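S.K.: Now for the letters of each chain:
2 protein chains.
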Amino acid sequence: MYNRFCKLTSGNKREMKQNYKFIISYDGTRYHGWEKKPDLEMTIQGKLEGVLNRMIGAEGTGEVNLIGAGRTDAGVHARAMTASAVLDTHLSEAEIQSYMNTYLPEDISVNEVKVCSDRFHARYNAIGKTYRYTCWYGDGKPVFDRKYVTVLDREPNVDMMRKAAELLIGEHDFRSFCGNSKMKKSTVRVLDTINIEKNGNYIRFYFHGNGFLQNMVRILTGTLLEVGYGNISPEKIQDILKACDRKKAGPTARPEGLCMMKVDY
Amino acid sequence: MYNRFCKLTSGNKREMKQNYKFIISYDGTRYHGWEKKPDLEMTIQGKLEGVLNRMIGAEGTGEVNLIGAGRTDAGVHARAMTASAVLDTHLSEAEIQSYMNTYLPEDISVNEVKVCSDRFHARYNAIGKTYRYTCWYGDGKPVFDRKYVTVLDREPNVDMMRKAAELLIGEHDFRSFCGNSKMKKSTVRVLDTINIEKNGNYIRFYFHGNGFLQNMVRILTGTLLEVGYGNISPEKIQDILKACDRKKAGPTARPEGLCMMKVDY
Chain A
1 MYNRFCKLTS
11 GNKREMKQNY
21 KFIISYDGTR
31 YHGWEKKPDL
41 EMTIQGKLEG
51 VLNRMIGAEG
61 TGEVNLIGAG
71 RTDAGVHARA
81 MTASAVLDTH
91 LSEAEIQSYM
101 NTYLPEDISV
111 NEVKVCSDRF
121 HARYNAIGKT
131 YRYTCWYGDG
141 KPVFDRKYVT
151 VLDREPNVDM
161 MRKAAELLIG
171 EHDFRSFCGN
181 SKMKKSTVRV
191 LDTINIEKNG
201 NYIRFYFHGN
211 GFLQNMVRIL
221 TGTLLEVGYG
231 NISPEKIQDI
241 LKACDRKKAG
251 PTARPEGLCM
261 MKVDY
Chain B
1 MYNRFCKLTS
11 GNKREMKQNY
21 KFIISYDGTR
31 YHGWEKKPDL
41 EMTIQGKLEG
51 VLNRMIGAEG
61 TGEVNLIGAG
71 RTDAGVHARA
81 MTASAVLDTH
91 LSEAEIQSYM
101 NTYLPEDISV
111 NEVKVCSDRF
121 HARYNAIGKT
131 YRYTCWYGDG
141 KPVFDRKYVT
151 VLDREPNVDM
161 MRKAAELLIG
171 EHDFRSFCGN
181 SKMKKSTVRV
191 LDTINIEKNG
201 NYIRFYFHGN
211 GFLQNMVRIL
221 TGTLLEVGYG
231 NISPEKIQDI
241 LKACDRKKAG
251 PTARPEGLCM
261 MKVDY
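Going down the list, the sequences are from chains A and B.
Numbering of the first sequence is given in the UniProt record's numbering, commencing with residue 1 and proceeding in unit increments.
Numbering of the second sequence is given in the UniProt record's numbering, commencing with residue 1 and proceeding in unit increments.
Rather than coming from a laboratory, the hints here were simulated on the basis of the structure.
Small disclaimer: the values here were computed from a predicted structure and weren't measured.
We treat Cβ as the ideally placed atom computed from N, Cα and C, and that holds for glycine.
Don't take each hint at face value.
Among chain B residues calculated to face chain A with C-beta under 10 Å, some are [what the hints assert, rightly or not]: (1) Y26; (2) A94; (3) S98; (4) D145.
Ranges of calculated distance between the beta carbons of each label pair, as one might list FRET restraints [to be verified]: (5) B:M16 / A:K242: 56 to 62 Å; (6) B:E235 / A:L91: 42 to 48 Å; (7) B:G60 / A:T29: 29 to 35 Å; (8) A:T102 / B:S98: 44 to 50 Å; (9) A:N195 / B:Q214: 45 to 51 Å; (10) B:E197 / A:M16: 42 to 48 Å; (11) B:E197 / A:L40: 39 to 45 Å; (12) A:M16 / B:N199: 34 to 40 Å.
Isolated chain A, as found in the complex:
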């Protein structure tokens, strides 16, 4: 099970470098997103790397490079973000998990730590991702999950949204649904499924695809909600896709309703 490799460096110092895979949950409310930024302390990646550097006795250095499967936006949550990093440590998987959970704040949890193949790369090896977007509407307020739902003024028409969602399934150029207007790489992605579930006062959108562009889930949701409110007809989705123009799609839905649920390898 352990895939350790030791090598003698020039100074005869014994190294114990191994590649580790992490599964992480976080409440993104307080953070400027996953990706570390030089002058912003509050990022998920920054917090995690800070604790890992401290754990391996390299506090304050940039030695650990934690690779996330994706980069969630500011305020977006994750139930199972996957990440990988090469660490030089003699600690066991359980000890690493325990150390991280002790020193991480209460809104970031490490749910699993496993030694993995040296070739495993959390971003390049990801073949699919599931996101969930949660909306709530009603006369009261969603007191207990208010940080994890987007509150709607009124109930959207779910049947209309499902019709529109069908037209989004498949391989398309999703440039109209990309928040980065300067994106130079391909904006073609495969969207396998969009399930829209209504349960009491909640409407949950589940998106599964091979990859997602910047803000893509939030723009898809914002556009589907416009359909649900009757501002865009379901059939117009095809024109929006064809236009390859962000301005043709609906607004970017708020971050708090979005949660990364799973990464497939």
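Given chain A's structure and the hints, the job is docking chain B onto it.
M.R.: Coordinates of chain B only, in the frame set by chain A:
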């Protein structure tokens, strides 16, 4: 449906006083409990009365007297606290609810407002209450409901706790489970059911009875957890009840895991 009564006061001022029933949810994390206290601004009752006084044009007065079915402790939550108050207003039920939800903070929600009989009293008429106590244990952290669960160091033995719970069912003097050592009134209560459910990393205790003493659910839970950890044998519950001595029972479990679920009338 409307049970309005108008009377002409000495000054010929028309009054529209009616009794209203409210169903309220709150996240108790930020509050010093339900009951208003003269020098503490942050109480649930205080917040609600403040908004109701403002609504009827009596801002800053103590005109509205909101009666809660029970008084939750600091940090304890409610999904359906019931309360009643006589209000002098021409607003409809829906308008009252909308006004309250607009001016209350996001951690207090009014889920229902109904005109009720003048004789309805949210505390005296309550014939039963359901409380839930939620515990979590595991290697990670309960990121998304961290304010609503009590984190345990390890898994308690649920079968042992169920055995002990059976001995608590029925009419007993619960003085050993009362947080108020100066309690002069009867400490006899009927506990109908204690259901202990295990689901994944969660253990949930459901208590239903005709009334609960101060801290009673938390002391019951704290004692059951001691049984679950093998520190108290299930049979010892009978001795603890008989002793009528708070010091014989287990510790008062933390407030964050407790939630008032329902009041029966």
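S.K.: Would you mind marking each hint as holding or not holding in the structure?
M.R.: Results of checking the hints against the structure:
For the restraint placing B:Y26 at the interface with chain A, the shortest Cβ-Cβ distance is roughly 6 Å, inside the 10 Å limit, so the hint holds. This hint holds: B:A94 has a C-beta 8 Å from the nearest C-beta of chain A, less than the 10 Å allowed. A cut of 10 Å between beta carbons decides the hint on B:S98: the least distance to chain A is about 7 Å, and the hint holds. The beta carbon of B:D145 comes within 8 Å of a beta carbon in chain A, closer than 10 Å, and the hint placing it at the interface holds.
Taking the beta carbon of each, B:M16 and A:K242 are about 60 Å apart, inside 56 to 62 Å as hinted. The hinted window of 42 to 48 Å between B:E235 and A:L91 holds, with their beta carbons roughly 43 Å apart. Checked against the hint of 29 to 35 Å, the pair B:G60 and A:T29 passes, with Cβ atoms roughly 34 Å apart. For the pair A:T102 and B:S98, the supplied restraint of 44 to 50 Å holds, since their beta-carbon distance comes to about 45 Å.
At about 47 Å, the CB distance of A:N195 to B:Q214 agrees with the hint of 45 to 51 Å. With their beta carbons about 44 Å apart, B:E197 and A:M16 fall inside the hinted range of 42 to 48 Å. For the pair B:E197 and A:L40, the beta carbons lie near 42 Å from each other, so the given range of 39 to 45 Å is met. Evaluation of the 34 to 40 Å hint for A:M16 and B:N199 yields a pass: the beta carbon distance comes to about 39 Å.
Hint compliance for this structure: no hint is broken.
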